[in-house]
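Visitor: The listed protein sequences derive, respectively, from chains G and B.
Counting along the first sequence from 1, when you hit position 89 you're at 92 in this note's numbering, and nothing is skipped either side.
Counting along the second sequence from 1, when you hit position 109 you're at 183 in this note's numbering, and nothing is skipped either side.
Watch out, some of these pointers could steer you wrong.
Footprint (simulated), chain G over chain B, 3 or more residues, beta carbon under 8 Å [said to hold, decoys possible]:
| hint | region |
| --- | --- |
| 1 | 83 to 94 |
| 2 | 165 to 178 |
| 3 | 232 to 239 |
| 4 | 253 to 267 |
| 5 | 364 to 377 |
| 6 | 381 to 393 |
If you are wondering where the hints come from, they were derived from the structure by calculation, not from laboratory data.
Here the structure is a predicted model, which means the values were calculated and not measured.
We put the beta carbon where it would ideally sit given N, CA and C, even for glycine.
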Amino acid sequence: MNKVLHNPLALIGFVIIAGILFLALIAPLIAPYDPDAINVKAILLSPSANHLMGTDGLGRDVFTRMLYGSRISLMVGFVAVGIATAIGIILGAIAGFYRGWVDTVIMRVVDVMLSIPTFFLILAVIAFLTPSIWNIMIVIGLTSWMGVTRLVRAEFLSLRNREFVLAAQALGAKDARLIFTHLLPNSLTPIIVSSILGIASAVLVESGLSFLGLGVQAPQASWGNILTDGKEYIQFAWWLSLFPGLAILITVLGYNLFGDGLRDAYNPRTSQH
Amino acid sequence: MLKYLLKRFFWMIPLIIGISLISFLIMHLAPGDITTSEASFNPKASEESRQKLRELYSLDKPVIVQYGLWVKRMATLDFGTSFASHQRPVFWQTKDKDGNITLGMIQEALPITLLINVLSLILIIAVALPLGVISALKQNQLADRGITLFVFISFAIPGFWLALMLMYWTGVQHAWLPISGLESMGHEHLTWFYRTIDTLKHLVLPVFISGLTGLAGISLFVRNGMLEVLHQDYITTARAKGLKENRVVYGHALRNALLPLITIFGLSIPGLIGGSVIAESIFAIPGMGKLFYDAVLMRDFPVIMGILTIGSVLTLIGNLLADLSYAWADPRVRRGVMQ
Chain G
4 MNKVLHNPLA LIGFVIIAGI LFLALIAPLI APYDPDAINV KAILLSPSAN HLMGTDGLGR
64 DVFTRMLYGS RISLMVGFVA VGIATAIGII LGAIAGFYRG WVDTVIMRVV DVMLSIPTFF
124 LILAVIAFLT PSIWNIMIVI GLTSWMGVTR LVRAEFLSLR NREFVLAAQA LGAKDARLIF
184 THLLPNSLTP IIVSSILGIA SAVLVESGLS FLGLGVQAPQ ASWGNILTDG KEYIQFAWWL
244 SLFPGLAILI TVLGYNLFGD GLRDAYNPRT SQH
Chain B
75 MLKYLLKRFF WMIPLIIGIS LISFLIMHLA PGDITTSEAS FNPKASEESR QKLRELYSLD
135 KPVIVQYGLW VKRMATLDFG TSFASHQRPV FWQTKDKDGN ITLGMIQEAL PITLLINVLS
195 LILIIAVALP LGVISALKQN QLADRGITLF VFISFAIPGF WLALMLMYWT GVQHAWLPIS
255 GLESMGHEHL TWFYRTIDTL KHLVLPVFIS GLTGLAGISL FVRNGMLEVL HQDYITTARA
315 KGLKENRVVY GHALRNALLP LITIFGLSIP GLIGGSVIAE SIFAIPGMGK LFYDAVLMRD
375 FPVIMGILTI GSVLTLIGNL LADLSYAWAD PRVRRGVMQ
């Protein structure tokens, strides 16, 4: 961790992540208005001391909605990545530990999933279900586990025949014990890196879906659907489009910088250069 | 080479079976059957259209028979007719008994999306290669830092937001570029030269938006590839025997650093095709992405299933072409050394 925080870019990433998480957690305490309160006397006001980021077409305070939107966007990111990582660890561990035909089957499923354009897959599933925040999380999770699976499998394959694993096995350790106390802890760093980078891409996918009207549904605020409103008013109210876009950009940048810094710090090959 | 080709070709069969299973699974995701979800989302869905849906996918037959029929549809690329667009065929044109031809929806949309993707790939190659090489040669200097910053921002920027901003800035504020569709008013009265110019102007923003993430990825990839190759022994040898630096960089290093790029291009195809949804729906370009988006909004299931399948088949073909070019470019692969 020390090494990571000495990398200036990773440090910036960490500060961004922590800052936005903190704002999302304390949103109800610092939000100046009710996120859904419609106010016909305050429609499309430009940013001012009263409304830091202006108001939208229904007179709702954009700053408040951005704060509440951050909760939704981050929650989708975390839960989706949680699902993807859980599936990835389980399948990758099975494939890498047992090898043989199980491995072949799992890897073929990964290949199949990778050959269907992900965004099409996500949209197709949503077309058959209802777009809701829970469905979005599950769908993003179920369509993004392939990278983690490959990663865990590769780690397991390379660790499987190392002395400490063979020694534990010789001492009579059961498969589950080998997997959970020896192999998994030693594969943790790349899994964490890929989860952090995964959150970045899940936030992007969620905002894209919400922007298209197929993600988080109004009146619940998410950065993506605030932007959809912004699109309607782009000629009169630049603030409606600018702030949510910047928020997504900065958040994704934060996770990418931190994830990359973490990878570099623990990867002897790249930290040599 | 022939052996490799055959092997590679047969390897696609399990993938196609897998794709047919997953798409079949998606069709049966909806609670109840898809006809009930059709009704709950689209109040206009009449009993008649639900009956059509039932017939199209033979929903009254046992699951295994339904799957067999779905595979048959996939194999013959017959995805039925659209619910939303006046019974137009989903994939390819049909002729009615009077000899009138109705063009297929994918048939019309696919060339547009392919054109945008080919132009994006050209843009990516033209910009990302020099950026990556410069970045690697000037490692940790100002140019490298600047390019890395650009790469990070391109990865993080939401494409639809950038599209919106550029559309507003270049289209609405300054009227430099048209903001939607592929043709201006009066397009058909222009000579072919001005017609091409007109269409190209419409394509500037969509191509830029759909190429940007790939551009960032490829330049990062070229940079890292070059850095790795430049540390290899044969580069030291090339330098030691007194070759000019240019010769070392472009003749020895770049050629080897570029090899894996072929695979990366193959892998980026699903992203490009999937990414077309956002660019095309924002700029109202009648390609596969917009067609798919409209179909999702209207719950036009035959079109959704058709595009999902065609998109996956295109990805498989792209990967196949990438692997074959790799084998063609790298003798180690086609002789099976690097399997």
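Visitor: Against each hint, give a clear statement of whether it holds in the structure.
Guide: Here is what the structure says about each hint:
no.	hint	verdict
1	83 to 94	holds (count 4)
2	165 to 178	violated (count 0)
3	232 to 239	holds (count 7)
4	253 to 267	violated (count 0)
5	364 to 377	holds (count 7)
6	381 to 393	holds (count 7)
Going down the numbered hints, you'll see the structure goes against 2, 4, while the others check out.
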